[in-house]
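J.: Take a look at the letters that make up each chain.
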Amino acid sequence: MACYSLGVVAGDLTTIVVQTGKPVNCRTAWPKVPKDPEPSFPVDAPLLQVRDLRTKILKPASFSLAAGECIAVKGPSGAGKTLLLRAIADLDPNQGLVSLEGRDRSTIPGPEWRRLVGYVPAEPGWWAETVCGHFGDWSAAAAVLTDLGFPQEAKSWPIARLSTGERLRLALVRALIIRPKVLLLDEPTAALDAASVAAVESLIATRIRTGLAVLWVTHDAGQARRIARRQLVVEAGSVRDEIEQWPITSR
Amino acid sequence: MANYITLNYLDLALASVLVLIDAGLSIIFGLKIHRSLLVAAIRMAVQLALIGLVLTALFSLVSPLWTGFVVLAMILFAGQEVMQRQDRRLSGWWSFGLGAGCMMMSSVLVTAFALLTAIRPSPWYDPRYAIPLLGMILGNCMTGIALGLNTLTTSLILRRASVEAQLMLGATRWDAAAPVTRDALRSALMPTINSMSATGLVSLPGMMTGQILSGVPPVEAVKYQILVMFLIAGGTGFGAAAAVLGGVYRLTDARHRLRLDRLAAAQAI
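Those protein sequences? They're chains F and E, same order as listed. First residue of the first sequence: 1, per my numbering; consecutive thereafter. First residue of the second sequence: 252, per my numbering; consecutive thereafter.
These are computed hints drawn from the structure, not numbers from a lab. These numbers come from a predicted model, not from an experiment. A couple of the hints might just be wrong.
[Stated by the list, open to error] The calculated lysine to aspartate or glutamate pairs, modelled on EDC-like cross-linking and capped at a C-alpha distance of 20 Å, are:
#1 F:K59 to F:E101
#2 F:K56 to E:D262
#3 F:K56 to E:D504
[Claimed, not checked] Sample of chain F residues at the chain E side, in silico, Cβ under 7 Å:
#4 R54
#5 L91
#6 R103
#7 G110
#8 P124
#9 G125
#10 A128
#11 E129
#12 C132
#13 F135
Glycine included, each C-beta is placed from N, C-alpha and C at the ideal position.
Could you build all of it, start to finish, from the sequences and the hints given here?
T.: Put into structure tokens, the structure is as follows:
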């Protein structure tokens, strides 16, 4: 179970205030968390702001995401969760305003935007034959891969032989080592066993503590509770922001 | 000039029996292609008879305007043919315009190059040289572009996840599409490479055979054939490169997204 040193206190729809030093219950359950941590990232303004984002299928969606925040995205299959993430990553034609740290997305070239706002799809694609062909910087990848239980010889594994779970974890690492500010995860633990789910959750939690903001699509209510305090519900193409669906004291 | 044996219509009628035998085979084995076979044979005969008349008129005129018209008509037909050989066409005008535009550019360029440097007829646009030369370059260029574009679109559809995975990690559209682009260009140039390596051993090219039949010494005919092969390789290479890169440009956008929605809907077969 992941627990964050920072309590994200929900404000209204556009401002999420992250407060430090406020007593949070989970501390008692997780004594490893240092006391009064200083955030290493700006907490006053939302990191990612989405206003009236829409596509041919997706109805206008507005919400914002702060640095070091994780929002769970839920909703039935085919409701448009993937379309929402793809629209934010600018992979499909879309309208509306999206900005990162106050910079309008339209002023940032597509490739640069996607390095800042990384997207990991539910079925990641591969273009080289072996694992290492997909990582520009293998030494950076190796350190993270070890945390996720990959041995050193994983470098030369052929992609065709990997299990779905291994592929999902590799795709996650591939996106993480680019060091995006926002990560859009589309069911990153759907095909994983319990131990791997815990490893992935704690890996992402570590990054969240250093300021990464995450939109995490999950079908698992328990996981949503572990990773996030806020959720977006996507139903029939419309996105609903549900703030503080569960009180933090219930942890 | 009458150094060759002329054919009469009875000779042609006799040879056409071979096509009828093919049609008979189709009926016996239930291939259901006898109708299209006969239609194609009749089309071929009529089209060639017409082009014979057109060329006769054209050669006696030696007019740059009329030569230009015929060249344009040939390119438009080739553009239509490229479009029809696509499993998945580009939407709108692109499906015809891209192929036709690239063929026009490369075949006219390469033909003009040959007319102005190697062959140098007088005047340089003499249709007796320009039209057959352009026809040979255009025909091969058409095959190359049709194959290249078809490989591009079908493999972008098949390898969409792989291309998008690279886009997601911040690759530009050209980098992300590079493996597919390479495959498309390779398949566009393969027929040219294959025909060059088999020529003289397995096949005697039609143009060379034609010159030999009309009394040209084989060594001279061979020189012409080598020239034409080089021109074909150049024309196919330029045309296919322009068409495939144009296809990548059209199937991605300025935000570096993959835009398979710019393909026309799959046709029911």
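J.: Each hint needs a verdict: does it hold in this structure or not?
T.: The hints, checked one at a time:
| no. | hint | result |
| --- | --- | --- |
| 1 | F:K59 to F:E101 | violated (24 Å) |
| 2 | F:K56 to E:D262 | violated (64 Å) |
| 3 | F:K56 to E:D504 | holds (17 Å) |
| 4 | R54 | violated (16 Å) |
| 5 | L91 | holds (6 Å) |
| 6 | R103 | violated (15 Å) |
| 7 | G110 | holds (4 Å) |
| 8 | P124 | holds (6 Å) |
| 9 | G125 | holds (3 Å) |
| 10 | A128 | violated (9 Å) |
| 11 | E129 | violated (11 Å) |
| 12 | C132 | violated (15 Å) |
| 13 | F135 | violated (10 Å) |
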